[in-house]
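Starting from the known structure of chain A, arrange chain B on it as the hints suggest.
Read off the chains here:
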Amino acid sequence: RKEVEQDPGPFNVPEGATVAFNCTYSNSASQSFFWYRQDCRKEPKLLMSVYSSGNEDGRFTAQLNRASQYISLLIRDSKLSDSATYLCVVNIQGGSYIPTFGRGTSLIVHP
Amino acid sequence: DVKVTQSSRYLVKRTGEKVFLECVQDMDHENMFWYRQDPGLGLRLIYFSYDVKMKEKGDIPEGYSVSREKKERFSLILESASTNQTSMYLCASSLNIYEQYFGPGTRLTVT
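Protein chains in written order, with this note's numbering: chain A, 37 to 147; chain B, 99 to 209.
In isolation and in its complexed conformation, chain A is listed as follows (with noise of 0.2 Å):
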């Protein structure tokens, strides 16, 4: 079983639509959450950091459930901009923090 769990999707949303994306853990040594954007044939670049307080950033919010072990990425607003792969990452503390990537959300936007 994976240890970050995402749903592939794709979610095919209207211009201006909400969308949540879900991603799971598995390792309650989890330490840290982010959220990386990935554009088709493109590199990974984060998108936000999770904090445990939760975040917001203009129209994207990202919550951090430790209780259940999930991380949640809230679109408002979704423009046709939007449309990619969203990745969450957790690092998971061992040794050392180790970067587990989910296998990604693909979003798309449709006018």
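Keep in mind that the hints were calculated from the coordinates and are not lab data. Idealized CB from N, CA, C, for every residue including glycine. Hints may contain errors.
Okay, derived cross-link-like pairs now, DSSO-like style, lysine-lysine, Cα gap no bigger than 30 Å in a straight line [to be verified]: (1) B:LYS169 to B:LYS111; (2) B:LYS168 to B:LYS155; (3) B:LYS151 to A:LYS115; (4) B:LYS111 to B:LYS101; (5) B:LYS116 to A:LYS78; (6) B:LYS169 to B:LYS116; (7) A:LYS78 to B:LYS101; (8) B:LYS153 to B:LYS168; (9) B:LYS153 to A:LYS81; (10) B:LYS151 to B:LYS168; (11) A:LYS81 to B:LYS168; (12) A:LYS81 to B:LYS169; (13) A:LYS78 to B:LYS169; (14) B:LYS155 to A:LYS78; (15) B:LYS111 to A:LYS81; (16) B:LYS151 to B:LYS101; (17) B:LYS101 to A:LYS81; (18) A:LYS78 to B:LYS153; (19) B:LYS111 to A:LYS78.
Some chain A residues near chain B, calculated using beta-carbon distances under 8 Å [what the hints assert, rightly or not]: (20) LEU82; (21) ASN127; (22) TYR133; (23) PRO135.
Showing chain B alone in chain A's frame:
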């Protein structure tokens, strides 16, 4: 801006060849990572390094080795390339346990 460069965007090698993939970062980051990305499997960590001459195995180290002789350079070596190593290879670096900066990737085809 952090820059992570990889030696080739596209590479075609024959089965049994020794393959070197080079990665260079220009921001004095301690941490460097090699991943491979395959459809449906997401990004999987091959090896990582938290210091010069230091390396640790990731999730799928079999068939690979690495070298970190200088802080800015992290090399991935395929001792004897096989067709199941055909993939997109992504290098990343980070200053701490947080944001990873990725290179553009090398698409390796082994025939």
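Tested hints:
Only pairs whose Cα atoms come within 30 Å are accepted, and B:LYS169 paired with B:LYS111 is accepted, the gap being roughly 28 Å. Between B:LYS168 and B:LYS155 the alpha-carbon distance is near 19 Å, which keeps this suggested pair within the 30 Å criterion. The straight-line distance between the Cα atoms of B:LYS151 and A:LYS115 is roughly 45 Å, outside the 30 Å bound, and the hint therefore fails. For the given pair, B:LYS111 sits about 27 Å from B:LYS101 by alpha-carbon distance, which is consistent with the 30 Å threshold.
This hinted pair checks out: B:LYS116 and A:LYS78 have alpha carbons roughly 26 Å apart, not beyond 30 Å. About 23 Å separates the Cα atoms of B:LYS169 and B:LYS116, which keeps this hinted pair within 30 Å; it holds. At roughly 14 Å between alpha-carbon atoms, A:LYS78 and B:LYS101 fall within 30 Å of each other, so this suggested pair holds. Restraint check: the Cα-Cα separation between B:LYS153 and B:LYS168 comes to about 12 Å, which is no more than 30 Å; the hinted pair holds.
Only pairs whose Cα atoms come within 30 Å are accepted, and B:LYS153 paired with A:LYS81 is accepted, the gap being roughly 24 Å. Under the criterion of a C-alpha separation no larger than 30 Å, the hint pairing B:LYS151 with B:LYS168 is consistent with the structure, at around 8 Å. Restraint check for A:LYS81 and B:LYS168: the C-alpha separation of about 25 Å stays at or below 30 Å, so the hint holds. Distance restraint check for A:LYS81 and B:LYS169: the Cα-Cα separation of roughly 22 Å lies within the 30 Å cut-off, and the hinted pair is therefore satisfied.
Proximity of A:LYS78 to B:LYS169 is assessed by CA-CA distance (about 25 Å); at most 30 Å being required, the pair is judged to hold. About 25 Å separates the Cα atoms of B:LYS155 and A:LYS78, which keeps this hinted pair within 30 Å; it holds. In summary, the hint linking B:LYS111 to A:LYS81 is supported, as the alpha carbons are separated by about 29 Å, within the 30 Å threshold. Annotation: proposed proximity of B:LYS151 to B:LYS101 holds, straight-line Cα distance about 21 Å (limit 30 Å).
Between B:LYS101 and A:LYS81, the direct Cα distance comes to roughly 12 Å. Compliance with the 30 Å bound is thereby established for this hinted pair. Annotation: proposed proximity of A:LYS78 to B:LYS153 holds, straight-line Cα distance about 26 Å (limit 30 Å). With a C-alpha separation of about 22 Å, the suggested pairing of B:LYS111 with A:LYS78 holds against the 30 Å cut-off. Taken as an interface hint, A:LEU82 checks out: its beta carbon lies about 5 Å from the nearest beta carbon of chain B, inside 8 Å.
Annotation: interface hint on A:ASN127 holds; nearest CB of chain B at approximately 5 Å, less than 8 Å. Given hint, A:TYR133 at the interface with chain B, holds; its Cβ is 4 Å from that chain's nearest Cβ, closer than 8 Å. Interface restraint check: A:PRO135 against chain B, minimum CB-CB distance 7 Å, threshold 8 Å, status holds.
The structure does not agree with numbered hint 3 stated previously, though it agrees with all others.
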